[in-house]
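Just so you know, the protein sequences line up as chains A and B, in that order.
Residues 1 to 106 (our numbering) are what the first sequence spells out, left to right.
Residues 1001 to 1807 (our numbering) are what the second sequence spells out, left to right.
If you're looking for bench data, these hints aren't it; they were derived computationally from the structure.
In this text, a Cβ means the ideal position worked out from N, Cα and C, and glycines have one as well.
Be aware that a few hints might be false.
Subject to a maximum C-alpha distance of 20 Å in a straight line, what follows is the list of computed DMTMM-like cross-link-like pairs (lysine to aspartate or glutamate) [as the list claims (entries may be wrong)]:
no., chain 1, residue 1, chain 2, residue 2
1, B, 1608, A, 29
2, B, 1339, B, 1279
3, A, 30, B, 1610
Just a sample of chain A residues kept apart from chain B, beta carbon distances all over 10 Å, derived [to be verified]:
no., residue
4, 10
5, 27
6, 39
7, 58
8, 72
9, 86
10, 92
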Amino acid sequence: MQTTKVRIKVADYDSLPERAGQAVTVNGEKIVLFRISTGDVKAVENRSPHRKGGTLADALVSGKFIYCPVYDLKISLEDGKVQAPDTGEVKTYEVEIIENEVFLQI
Amino acid sequence: MKKKLVMIGNGMAGVRTIEELLKLQPEGYEITIFGNEPHPNYNRIMLSTVLQGDKSIDDIIMNDWNWYKSNDIQLFAGEEVVEIDKEKMQVISDQGRRVDYDELIIATGSSSFILPVPGSDKKGVVGFRDIHDCEMMIKDSKRYKKAAVIGGGLLGLEAARGLLNLGMEVDIVHLMPHLMERQLDETASGMLKNELETQGMNFLLEKQTAEILGEERVTGLRFSDGTEIQTDLVVMAVGIRPNVQLAKDSGIYVNRGIVVNDYMETDMHNIYAVGECAEHREIVYGLVAPLYEQGKVLAAKLAGTPTNPYEGTICGTQLKVSGCDLFSAGEIGDDEGTKSIKVHNEFDGIYKKIVIRDNRIAGIVLYGDTKDSNRLFRMLTKREDISGMTSVSILEANGCCGGGEAGDVAAMADDELVCGCNGVTKGTIVDAIRTNELTTIDEVGGCTNAGRSCGRCKSLISDILAYTLGDQYDTSAKKAGICGCTTLSKDEVVAEIRGKGLTNVREVMNVLGWSQEEGCSKCRPAINYYLGMVHYEGYKDERDSRLVNEKVHANIQKDGTYSVVPRMYGGVTTAADLKKIAEVAEKYDVPLVKLTGGQRIGLFGVNKEDLPAMWEDLGMPSGYAYGKTLRTVKTCVGEKFCRFGTQDSMGLGIELEKKFERLDTPHKVKMGVSACPRNCAESGIKDIGFVGVDGGWEIYIGGNGGTDLRAADLLDTVKTKDEALEITGAYLQYYRETAAYLERTAPWLERMGLEHVKEVLADANKRMQLNERLDKTLERYNEPWQQAISDNGIKEKYYQVRSVSVE
């Protein structure tokens, strides 16, 4: 079955705090936005890739990486990949910023 | 009463003497130091690296302001002693200050010798001796293009390399036909000249400066043969002259330097001289190794410990210019009585000459390959008979095929010098590693001083560590950084924060060259802690560098929910508070209500977005059940109700908790207060615990009931509650200032030693200072739950969850 992606406005850019996660629920899907120090906004699913679960919204942000707040996994915000020696992956979302509005492709 | 020791001069030789003295006799003297430079003691040898741009001035500070303070040394920096009043036994400074002495050390060092030619007082003529000279050259290099260095010796060439690095064109003027003629023979000197020419230096040899040209500022040089060159800056590096005027004026016997005997005594009672200003057996030394040896002898003399006399030193020299590896020692020329082994490999640019007299090595010149310098230098100083050796085995320890690095270390004799600057042998280092269980180069330096001057021997020290520790030496941890982003240790990071006055996390990572620009989950919270500890007045905490629990002020649970644990001072509550907690638990449908291990009530399974509202309804302060801070003070019922109780344990517990709550500590801190030795509050396994006895409190420290069970040690017994609070404050602050982030008090105490901590806390003055810093720190904190309720910015950033729905 083919799915069509839709573009959804999730936040005003200037309401996003720098270097902190912002949890958003979009039609029930739990997502977390990170405005990183380059000014870009990254979005990943708000679920730790660790087998025991947990959320990512309160991760420590360092450049294009976050550190899982519960299990300290280092996760790339670019591709969602967990960095060695740990393994795993989280879902990432495409972010578009137009003027002051932040959109996600879902 | 303590005897008064005054030292005139604040340089390497003098301060080393004091360091040695403090080691032998920490409390022997009341020490005062005068230094005419406005800096603490720095590593003068490394000035050339500052000029060459490899290091900053802060990097070469050897004893920072704190060192003087913590050793109770009164330092007058930027103040010059102008008179010694021998009758009254006082020194008088240029600011009119008079200080009494019982013993006086003159360690005034030396100054650049400025050629007495016309024009030498013009602007733009500098020596190369101190930070000020360095700063002048760096400043001038920004405005001017051409520099001339007078003097083609060690110092002149290092200065020239620095000026090249600063982007200047450099002429080197030298009186003799060869560079470094006192250290190198013609062949080696020629090789050096070629190398330096390819680096961009221009040499004017056999030129004698006759006049420095220019109006107010230098514009050029005229030589005795009538030729001239243009230049905007003249660096005099023709030699040094001991600073002896003060001694001379005071009637102390001075020849070239201040004349001293084998115990560094001048001809005046109670007055000593050490370092570059001193003349010993007609030699004035200008290299650090002999000066440190002198310092050691003088320190022993002052401490009254037996010592061998100082009998002079044979020196080896190296040039600190990259691309020019050279070593020289002893005689370099030939005469009828000498025979030399010479190897000249033009292809690889290697030259070695060993001068032999009477079957013993009398001189060494190595160019291009200096790895055998230590071994050869030892053979020279030990006057080893080499008649049975082949020339190849003299030249190379492992024959022509060479050996691995560790093999070299194994082959080294125990008395072979590793650190020439500080005179430290392999045997001393191996012993120190074994007895003190050292594992890093820094620790070896701290224990033996090896590697603390020019730093060239650090790789050899690393090899010795590897050889001594075997598999236990983790080469990747040659220098264990606080995390993967840096190789700096905790002590180094803290020293840099203090030394460079760094004020925020990002600045620390930037200035100290973090490999991951924004740090990681290990270093960010640690740096934030160290900054808050160092800048105890008004440090602005960086919330985003804290990990989740401390950032959100609640404990994250494995499913992403949080727990709420309100403060319940000393485990004492009221019916009203209990009702309120019950109401909140009902209102927010809290899945679990449980008594915690720390005598309070926890509400578990709370959604993050509910936190601020719950806190508001509770109206109680945070119990910090999540923080690297004071968690709880567990108490027993005590004398108020218990028939065994001898003290008011609840009272003390509540007071402790109210005073120290919210304080950032390296790791969590738990306390316990029991009113009798039955110890119902388990004071023996707390970071600090109190046990009431008849007429007072026993104080126990360093206990742990966690992963590594440890019984606390008795620190002291005090009579009153106020004394208990005062000692607790000093103890917490000393732990805060000396522990690594995430180091609990139990391992910290093991590391520091109970006796040491006892000693520090027994000193009323130190206790007062520690408490002062602690009290200032405590002023910084606000109640975080109240803050979150009343600050919308915090609420939005940390607690809101947005919801977007689209059809």
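Quick rundown of the hints versus the structure:
1. Simply put, residue 1608/B and residue 29/A have alpha-carbon atoms about 17 Å apart, close enough for the 20 Å limit, and the pair holds.
2. The straight-line distance between the Cα atoms of residue 1339/B and residue 1279/B is roughly 32 Å, outside the 20 Å bound, and the hint therefore fails.
3. A hinted pair counts as satisfied when its Cα atoms are at most 20 Å apart, and residue 30/A with residue 1610/B qualifies at roughly 17 Å.
4. At roughly 5 Å, the least C-beta separation between residue 10/A and chain B is not larger than 10 Å, which violates its mark as non-interface.
5. Residue placement check: residue 27/A does not keep its beta carbon more than 10 Å from all beta carbons of chain B (closest about 6 Å).
6. Taking the minimum C-beta to C-beta distance to chain B, about 14 Å, the non-interface status of residue 39/A holds against the 10 Å cut.
7. Interface exclusion of residue 58/A from chain B breaks down, the closest Cβ pair being 4 Å apart, not more than 10 Å.
8. The beta carbon of residue 72/A sits about 6 Å from the closest Cβ of chain B, which is not more than 10 Å, so the claim that it is off the interface is violated.
9. Consistency note on residue 86/A: stated as away from chain B, and its beta-carbon is indeed over 10 Å from all of that chain's, at 13 Å minimum.
10. Every CB of chain B lies more than 10 Å from the CB of residue 92/A, the least distance being 18 Å, so the non-interface label holds.
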